[in-house]
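Peer 1: Chains as they are written, first to last, in my numbering: chain L, 1 to 151; chain D, 1 to 789.
None of these hints come from the bench; they were simulated from the model. Here the structure is a predicted model, which is why all the values come from computation and not from measurement. You may find that some hints are simply not true.
[Stated by the list, open to error] Calculated lysine-lysine pairs in the DSBU-like style (CA-CA distance at most 30 Å, straight line):
no., chain 1, residue 1, chain 2, residue 2
1, D, K461, D, K789
2, L, K11, D, K585
3, L, K2, D, K135
4, D, K94, D, K72
5, L, K69, D, K48
6, D, K48, L, K79
7, D, K172, D, K327
8, D, K327, D, K789
9, D, K72, D, K789
10, D, K704, D, K20
11, D, K94, D, K172
12, D, K320, D, K293
[Said to hold, decoys possible] Take a look, some chain L residues computed to stay more than 12 Å from chain D by CB distance:
no., residue
13, G9
14, S17
15, L32
16, E43
17, V61
18, K69
19, L83
20, L86
21, A111
22, N116
23, H118
24, E121
25, K139
26, K140
We treat Cβ as the ideally placed atom computed from N, Cα and C, and that holds for glycine.
Chain by chain, the residues:
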Amino acid sequence: MKISLTVNGLKVEREVSPHMTLLDFLREDLRLTGTKEGCGEAECGACTVILDETAVPSCVVLAVEANGKSVLTVEGLEKDGELDRLQEEFIARGAVQCGFCTPGMLMTSKALLMKNAHPTEEEIRLALSGNLCRCTGYKKIVEAVSAAAAE
Amino acid sequence: MITNKQILKILDEKQDTFYKGKQNYVGKYVGQRVPRVDAYEKVTGRLKFGADVELPNQLISRLKRSTHAHAKITRLDTSKAEALPGVVTVATGKEFNGLTGCYLNDSHVYAIDRVLWVGDIVAAVAAETAEIAEKAVELIEIEYEDMTPVFDAIEAMKPDAPLLHPNLGSYKWLKGFLFPKPGTNIANHFKLRKGDVEKGFAEADYIFEDTLSVPMVQHTPMESHACVVQVEAGNQVEMWACTQGPFLVRQMISDAFNIPLNKIRVHTTGVGGGFGAKLIAKNELYAIPLALKSHRPVKMAFNRSEEFLNTFVRQGLIMKMKTGVKKNGKMVARKIECIWDGGAFCDYGVSIARSGGYASAGPYDVENLWIDSYCVYTNKPSGGAYRGFGVPEAATVEEQQIDMIAERLGIPATEMRRINFYHEGDTHATGMKLHSVGCEECLDKVTTMLEKTPLKPKEGKLYGAGQAHVHKFTAHTVAASAVLKINEDNSILLYHAVSEIGQGSQTVMQQIVSEVLDVPIDQIQSVKADTHFTPYAWQTAASKATFFDGNACKYAAENAKKQLIELAAIRFDVPQEDVEFGGGKLWPKGKPESAQNFAQVSMGGSFPKAVFGHGIFTVEDGSGLDEQTGQGNRCSAFWMFGGQGAEVYVDTETGEVELARMVACHDVGTVINPTTAEGQLEGSVAQGLGIAMFEEMHFDEKGKLLNDSFTDYHLPTTLDMPLIETDFAVNSPHKEGPYGAKGMGEPALGPTAAAIANAVYNACGVRLFALPLTSERVWKALKDKEVQK
Numbered sequence: 001m002k003i004s005l006t007v008n009g010l011k012v013e014r015e016v017s018p019h020m021t022l023l024d025f026l027r028e029d030l031r032l033t034g035t036k037e038g039c040g041e042a043e044c045g046a047c048t049v050i051l052d053e054t055a056v057p058s059c060v061v062l063a064v065e066a067n068g069k070s071v072l073t074v075e076g077l078e079k080d081g082e083l084d085r086l087q088e089e090f091i092a093r094g095a096v097q098c099g100f101c102t103p104g105m106l107m108t109s110k111a112l113l114m115k116n117a118h119p120t121e122e123e124i125r126l127a128l129s130g131n132l133c134r135c136t137g138y139k140k141i142v143e144a145v146s147a148a149a150a151e
Numbered sequence: 001m002i003t004n005k006q007i008l009k010i011l012d013e014k015q016d017t018f019y020k021g022k023q024n025y026v027g028k029y030v031g032q033r034v035p036r037v038d039a040y041e042k043v044t045g046r047l048k049f050g051a052d053v054e055l056p057n058q059l060i061s062r063l064k065r066s067t068h069a070h071a072k073i074t075r076l077d078t079s080k081a082e083a084l085p086g087v088v089t090v091a092t093g094k095e096f097n098g099l100t101g102c103y104l105n106d107s108h109v110y111a112i113d114r115v116l117w118v119g120d121i122v123a124a125v126a127a128e129t130a131e132i133a134e135k136a137v138e139l140i141e142i143e144y145e146d147m148t149p150v151f152d153a154i155e156a157m158k159p160d161a162p163l164l165h166p167n168l169g170s171y172k173w174l175k176g177f178l179f180p181k182p183g184t185n186i187a188n189h190f191k192l193r194k195g196d197v198e199k200g201f202a203e204a205d206y207i208f209e210d211t212l213s214v215p216m217v218q219h220t221p222m223e224s225h226a227c228v229v230q231v232e233a234g235n236q237v238e239m240w241a242c243t244q245g246p247f248l249v250r251q252m253i254s255d256a257f258n259i260p261l262n263k264i265r266v267h268t269t270g271v272g273g274g275f276g277a278k279l280i281a282k283n284e285l286y287a288i289p290l291a292l293k294s295h296r297p298v299k300m301a302f303n304r305s306e307e308f309l310n311t312f313v314r315q316g317l318i319m320k321m322k323t324g325v326k327k328n329g330k331m332v333a334r335k336i337e338c339i340w341d342g343g344a345f346c347d348y349g350v351s352i353a354r355s356g357g358y359a360s361a362g363p364y365d366v367e368n369l370w371i372d373s374y375c376v377y378t379n380k381p382s383g384g385a386y387r388g389f390g391v392p393e394a395a396t397v398e399e400q401q402i403d404m405i406a407e408r409l410g411i412p413a414t415e416m417r418r419i420n421f422y423h424e425g426d427t428h429a430t431g432m433k434l435h436s437v438g439c440e441e442c443l444d445k446v447t448t449m450l451e452k453t454p455l456k457p458k459e460g461k462l463y464g465a466g467q468a469h470v471h472k473f474t475a476h477t478v479a480a481s482a483v484l485k486i487n488e489d490n491s492i493l494l495y496h497a498v499s500e501i502g503q504g505s506q507t508v509m510q511q512i513v514s515e516v517l518d519v520p521i522d523q524i525q526s527v528k529a530d531t532h533f534t535p536y537a538w539q540t541a542a543s544k545a546t547f548f549d550g551n552a553c554k555y556a557a558e559n560a561k562k563q564l565i566e567l568a569a570i571r572f573d574v575p576q577e578d579v580e581f582g583g584g585k586l587w588p589k590g591k592p593e594s595a596q597n598f599a600q601v602s603m604g605g606s607f608p609k610a611v612f613g614h615g616i617f618t619v620e621d622g623s624g625l626d627e628q629t630g631q632g633n634r635c636s637a638f639w640m641f642g643g644q645g646a647e648v649y650v651d652t653e654t655g656e657v658e659l660a661r662m663v664a665c666h667d668v669g670t671v672i673n674p675t676t677a678e679g680q681l682e683g684s685v686a687q688g689l690g691i692a693m694f695e696e697m698h699f700d701e702k703g704k705l706l707n708d709s710f711t712d713y714h715l716p717t718t719l720d721m722p723l724i725e726t727d728f729a730v731n732s733p734h735k736e737g738p739y740g741a742k743g744m745g746e747p748a749l750g751p752t753a754a755a756i757a758n759a760v761y762n763a764c765g766v767r768l769f770a771l772p773l774t775s776e777r778v779w780k781a782l783k784d785k786e787v788q789k
């Protein structure tokens, strides 16, 4: 099937098989490997991307479902050499360790801030509750999102 | 990019929280909150992890796994799979039957004639696409003849138990280090005998005996194992793998396939968490035959179920502990039996039985000790290293017993710990003299953090607090080496083989080099481990990187500095002692206007000489342990100490335990990077909380793992996390560590589960003799207690 969508602001048209996931489409067809596969069944959040302003686990979304829509991945956060505020805070506050959950954490957080510019700590924890991290204990991640939302 | 103004401003806000003690070193770079050097490539998604590597023309592989726990393979037919269009090759144990391992070569690549656990690999397929490979796996036909399995480690030790490895006696193992018992399922029996334990019990006022157990759990790094391998002309193997041990992976490939080390090149990719699971070769082994046969690159990436069953699990432990004490709480004798449920291959578990065994009596000076620690084969997934190498498991038992004894003696558990703690200069259970002992400072700080701001009672819930304290060994005689090159433009390349697995070692190594050379961190670029080019490092394991490899990097920088001073003396035509060194420059004394940078000194002018610093490090008086007594000169280069305190609320209606706060203080020697060090402690709280309260691998009666997915294996999320406070001991730097540093990754997890269990008991009087403390179990124990009343 032919799909047409916007990925990180660029128009993309591709032929895809009807059962290809959005995750495989991004990673294999577009070679955007910043989006990670952690479990393949929407339990860990590592593959989170923003589909028309909503954070979705791309491992259980079909590529064809993204037809006509806009996808934002971690590669699209940095603009003209300027990091997104979330990325800066993740670096500065030590919210990154192995980095494998980081893209998903950033995209979930970005979607949250797009809808709610000043979330409470509780709202941040709730939004990130579907994103697993085995390294950080989440503390510095929550602090980084709070800080990014502060201004 | 990472040193932009915004970030520096944020860092400024945190400048006050350095861990500076009387002797602890805080320098210009060491001890500072330097942003991680790898953070930029991680927040932008640019770092390539194992599965992100793609080679032209690569094949995708899939594995055929055993559905039986212990069975003979009576028929294995791969012809239909091979005939499927798009399948390039299939490999089985018929062709590839070498054994391999790290400490004990007991591991097959593919099952040879028997399968040893549900999930054992029988065959591997390489095909043009994942779909074809999956279809081909279904077409492989296997017939089994069941053999009696054994799932329980105690049963497996009995003389009439079915043997998993009847040829154990013919395997290759590290002689003098391990003591397997051929003809049994015992892959190692470690013994420690110190003093006269029976005399100690006779002198004791009270004797306590308890048996507790912890189940198998899995590391679940967020990134599953993945590698890509290609075999070039002349059978030269080149691999990209997300590994903690590129040199060990190389060794294991060499042993399994009889390929010399200089024909195997392992590149380390980004590693998405390891915790021990990525130490040895697993998927890397399964991939090699496919690449050898197909002459095409092969990708082998584990799915989540394979990550649970085909890498490592943390061994289960049943630990019996008999302790004799005086009325005041002074322990006079401890007799301990550890039985480790090692799974189908005990290759790595044997070492955990050894070290976890010798550390099982805790951070306490006990005159009379008797320890037996057994690593036992069972028809389950293979056990191996998991953050702490046996210490968190043993501490779960040992530290709960301390609380139980203290309660029965009517003294505070903190006091019982204090009067038994090791001190500087004491002789350890293994016979080594202890240096850099911070356990008392950790106890003081944990207690203060808990008491300073106690949590408020919650209506309808019972509140409790508890602590646990551990000591953790590291490696002894292992090699570490580093190389440092000054480039023509004055930038610096640093080569060492520590894998950056999230712990922050890359940043720590650069901080150490920056401190020596007095140059900014970003003037240095670390080179990822590559067995053809980076110098040798044993493994990224045992919390040894900062101490061992940190010293190697420090020596490499000092060696480069020495060469630069020699060259500058010639250039400036002054004696070496008149060369000044600072701010990344050199100049003749009194003439700062003549200063030259490193590149100018080395590569400038008419006699360019490339500067190439090298550093090697090991502990020269390290030793093994005697087979009969477990005594030796220095079985661990250093010991780390640490304690944690938990505060919980228990809902007596539902049995639900809410972990409200964890406080942690660890003695890691000098803290090289406060931010990453805190991150280690915070992360350990999440892992320890999961192990204490949710995690357990559940097997059915036929040995099939029932919860090999994140749907069924619950891990802590943001909503489970308590308040976390962390601190560090500052008065016990190590005289041989780089700037006094030791290590910290593993001990961070050591006391967590035990502290939580002690807090639960303190809250509601429930002491469970097995982990995890699920609501259901706590509720049931509360009901049983009511009935007893």
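Peer 1: Just pull the numbers of the violated hints for me, sorted ascending.
Peer 2: 2, 7, 9, 10, 12, 14, 15, 16, 19, 20, 24, 25 and 26
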